[in-house]
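So the protein sequences, as listed, match chains A and B. Letter by letter, the first sequence follows residues 1 to 407 in this note's numbering. Letter by letter, the second sequence follows residues 1 to 407 in this note's numbering.
Honestly, the hints are just simulated from the structure, not real lab data. Do not rely on the hints blindly, as some may be mistaken.
To be clear about the criterion: a stretch of chain A counts as covered by chain B if any three or more of its residues have a C-beta under 8 Å from a C-beta of chain B, and this derived list gives those stretches [what the hints assert, rightly or not]:
1) 14-22
2) 44-57
3) 78-86
4) 132-146
Which residues of chain B face chain A? A few of them, derived with a C-beta cut under 10 Å, are [what the hints assert, rightly or not]:
5) Leu48
6) Pro59
7) Ala69
8) Gly96
9) Ile146
By construction, the Cβ of each residue, glycine as well, lies at the ideal position given by its N, Cα and C atoms.
Number of protein chains: 2
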Amino acid sequence: MIVVQKYGGSSVATTEKIAAVARRIAERAKKAQVVVVVSAMGDTTDELISMAKQLCPMPDDREMDKLLATGEQESSALLAMALHGIGQQAVSLTGGQAGIITEKVAQKARIRKVDGTRLIEELDKGNVVVVAGFQGITENASWADITTLGRGGSDTTAVALAAAIKADACEIYTDVDGIYNADPRVVPEAVKLDTISYEEMLELAGQGARVMHSRAVELGQIYDVEILVAHSARNVPGTLIKKEDPDMEIRNPVRGIAHDTDVTRFTLVAVPDKPGVAAKVFHAPAEAKINIDVIVQNMGADGCADLSFTIADADYEKALKVMEPVAKELNAKKLVVDQNVAKISIVGTGIRSHPGYADKMFSTLASEEINILSITTSEIRITCLIERDKAQQAVKALHKVFELEKV
Amino acid sequence: MIVVQKYGGSSVATTEKIAAVARRIAERAKKAQVVVVVSAMGDTTDELISMAKQLCPMPDDREMDKLLATGEQESSALLAMALHGIGQQAVSLTGGQAGIITEKVAQKARIRKVDGTRLIEELDKGNVVVVAGFQGITENASWADITTLGRGGSDTTAVALAAAIKADACEIYTDVDGIYNADPRVVPEAVKLDTISYEEMLELAGQGARVMHSRAVELGQIYDVEILVAHSARNVPGTLIKKEDPDMEIRNPVRGIAHDTDVTRFTLVAVPDKPGVAAKVFHAPAEAKINIDVIVQNMGADGCADLSFTIADADYEKALKVMEPVAKELNAKKLVVDQNVAKISIVGTGIRSHPGYADKMFSTLASEEINILSITTSEIRITCLIERDKAQQAVKALHKVFELEKV
Numbered sequence: 001m002i003v004v005q006k007y008g009g010s011s012v013a014t015t016e017k018i019a020a021v022a023r024r025i026a027e028r029a030k031k032a033q034v035v036v037v038v039s040a041m042g043d044t045t046d047e048l049i050s051m052a053k054q055l056c057p058m059p060d061d062r063e064m065d066k067l068l069a070t071g072e073q074e075s076s077a078l079l080a081m082a083l084h085g086i087g088q089q090a091v092s093l094t095g096g097q098a099g100i101i102t103e104k105v106a107q108k109a110r111i112r113k114v115d116g117t118r119l120i121e122e123l124d125k126g127n128v129v130v131v132a133g134f135q136g137i138t139e140n141a142s143w144a145d146i147t148t149l150g151r152g153g154s155d156t157t158a159v160a161l162a163a164a165i166k167a168d169a170c171e172i173y174t175d176v177d178g179i180y181n182a183d184p185r186v187v188p189e190a191v192k193l194d195t196i197s198y199e200e201m202l203e204l205a206g207q208g209a210r211v212m213h214s215r216a217v218e219l220g221q222i223y224d225v226e227i228l229v230a231h232s233a234r235n236v237p238g239t240l241i242k243k244e245d246p247d248m249e250i251r252n253p254v255r256g257i258a259h260d261t262d263v264t265r266f267t268l269v270a271v272p273d274k275p276g277v278a279a280k281v282f283h284a285p286a287e288a289k290i291n292i293d294v295i296v297q298n299m300g301a302d303g304c305a306d307l308s309f310t311i312a313d314a315d316y317e318k319a320l321k322v323m324e325p326v327a328k329e330l331n332a333k334k335l336v337v338d339q340n341v342a343k344i345s346i347v348g349t350g351i352r353s354h355p356g357y358a359d360k361m362f363s364t365l366a367s368e369e370i371n372i373l374s375i376t377t378s379e380i381r382i383t384c385l386i387e388r389d390k391a392q393q394a395v396k397a398l399h400k401v402f403e404l405e406k407v
Numbered sequence: 001m002i003v004v005q006k007y008g009g010s011s012v013a014t015t016e017k018i019a020a021v022a023r024r025i026a027e028r029a030k031k032a033q034v035v036v037v038v039s040a041m042g043d044t045t046d047e048l049i050s051m052a053k054q055l056c057p058m059p060d061d062r063e064m065d066k067l068l069a070t071g072e073q074e075s076s077a078l079l080a081m082a083l084h085g086i087g088q089q090a091v092s093l094t095g096g097q098a099g100i101i102t103e104k105v106a107q108k109a110r111i112r113k114v115d116g117t118r119l120i121e122e123l124d125k126g127n128v129v130v131v132a133g134f135q136g137i138t139e140n141a142s143w144a145d146i147t148t149l150g151r152g153g154s155d156t157t158a159v160a161l162a163a164a165i166k167a168d169a170c171e172i173y174t175d176v177d178g179i180y181n182a183d184p185r186v187v188p189e190a191v192k193l194d195t196i197s198y199e200e201m202l203e204l205a206g207q208g209a210r211v212m213h214s215r216a217v218e219l220g221q222i223y224d225v226e227i228l229v230a231h232s233a234r235n236v237p238g239t240l241i242k243k244e245d246p247d248m249e250i251r252n253p254v255r256g257i258a259h260d261t262d263v264t265r266f267t268l269v270a271v272p273d274k275p276g277v278a279a280k281v282f283h284a285p286a287e288a289k290i291n292i293d294v295i296v297q298n299m300g301a302d303g304c305a306d307l308s309f310t311i312a313d314a315d316y317e318k319a320l321k322v323m324e325p326v327a328k329e330l331n332a333k334k335l336v337v338d339q340n341v342a343k344i345s346i347v348g349t350g351i352r353s354h355p356g357y358a359d360k361m362f363s364t365l366a367s368e369e370i371n372i373l374s375i376t377t378s379e380i381r382i383t384c385l386i387e388r389d390k391a392q393q394a395v396k397a398l399h400k401v402f403e404l405e406k407v
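Take the sequences, apply the hints, and build the full model.
Right, dumping it as structure tokens:
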């Protein structure tokens, strides 16, 4: 049996924590061949970024990748040493040594292929193989450039390796117990899910549930890798992300509630309602690599429309800079920016086949006197934009109405 | 014109110092193609070693190399960013990316070959190429292991790259002004040398002058790379290490005085004087990788001999552990360990052809009432072992007698 485990930065923040993780791994290695993917220790990445910015306001992407990749190279070597320290045979590999070849795009490279040959060789020698997460190289050559995989990169490494070597399990260890059907800090009654489908997990991740990054889940879905999310120190069962199975039909059709307060809304008021306007509006933020989320266009009476969209708070200044000229060019009446907004979503594959969930969601918000600013939906998700200070109240009310104490 | 420059860890200890080094490099890059070899920032290497030892008392050599190599990967990326920050085109390379292939021996790998292709390509694109010092890889493949070159490794990297790309100059920047003919902290009259031959530099380095490691000098000698040693921040001429030239005949035959107080002497008293004894004595420390220096065997009256040798202070405990069983096995009367010793050497190619230097050295020490414990010589060096607390007095007296204020 081959297991791929991933430990995040907070699980290996100190040498003591590395030693504790090593003991867990060694225990597991008694019964399975283990590949471990590890993130950089604690704040290492942030410290490296801070040094870089002292030297150059806009550090070069390639150099940044080469710099940041040292964090995982360091933690992987230290974890291998910690395993040696307790008598467990182990070897550490960089992303490149582990056969992870990416496209030639710095900072958020996608994996092109994984050559698991060395990984399998090392496992067959009896080693626990510790792989530096978050990184790859551009070619199978010593002079190849080092790339990093962007946000959620170490999770992606773990799932990609699991797929490449056809591992029997892929386990993401983190600082939460698993996936809850609402944020347990907001709803004490929130229930940890034993399983969740890839689709549902993707919708939850996209709508503010921060436990798993969408990219790793997508990869798991494509290569059919079941992903266990569990706590790195507690011995409690986590949540298994997997294909939807028939049993899912008899459970609560609403699988989870996500809320996201990291939202800023831009509205272009009274732009001419003619072909090409939307394209013009969204070209500039795309160029500036700003992720656009909820887009809503309202028809106006006089041949004009209001066009609004949301972005992450962090992109606010960048977005303002690119949108002001656009508003001018399109003769918009004004550009309104609203940071007092939040997204609330209900997610579940059951929503697709059970009508009436949208109605129930809207009427619940209405009875709580929460105003809905806009609405978007997918096949298995309904999202409302509401005022930010009402977010917690909305989550609690929806959790109750949809009886999420029952999973 | 191609120049290889090397900056040591203290020259890049902080982001401010990295920025200062970047300004010097950019200035130089106006007139030459520049390759820069850089060490890890300040205490980075020591900090990494300390973490490793917390996790494993005897860290694995391969993992240690992978860990330590991050230090230079980090500093090289940061220096490239600092160059970008002041508008200088630059790219950083790991040892492997720079084409440095070493033998498969961790911690003190020797360079097998250097493929300068990418280095030349990057220079021809107009880049300053910043190379991580002290490291290489075992093969030209992405899964190759990372190796480090051991003490003086970044100097070795610089000389090896200079040889491979036939650079016009190789410049080692450090925290001293150059090579002095005695330690200026001991002899204020010590004179900085404009030039010194490879042979003389090797003898001085071997006898306690810490500025340059022997290995880089040897490599320079083999590939005929002239090495400039100069201060990384001050604009003063340094010392050029080069082939001996005819002019050297008309200068002071004594080129320098080295002293080394980092010396422990072991003496096996009254061991049987028969074939194979010396081999037996030195086998154990060789196995334990302890460097043996001054070896002296004195004939005893009763078919027995006293055998003594010196080692670095740091190896004291390790040496005691291996020598005690040897002393027992050989029926030595006793094993005497003396840490109150120092080595004093005079070095100069002129010594070879000028008789009388040994006599002059011994009589000078005698007139200073300094007892000579033992003597060794090479063609261009005479070394005396003396009491440690007389070392400074000896250096001063010899500097005066050999008129080293004249170079």
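Here is how each hint holds up against the structure:
no. : hint    : in the structure
1   : 14-22   : holds (count 4)
2   : 44-57   : holds (count 7)
3   : 78-86   : holds (count 6)
4   : 132-146 : holds (count 9)
5   : Leu48   : holds (7 Å)
6   : Pro59   : holds (5 Å)
7   : Ala69   : holds (7 Å)
8   : Gly96   : holds (5 Å)
9   : Ile146  : holds (8 Å)
The structure fails none of the hints (numbered hints given earlier).
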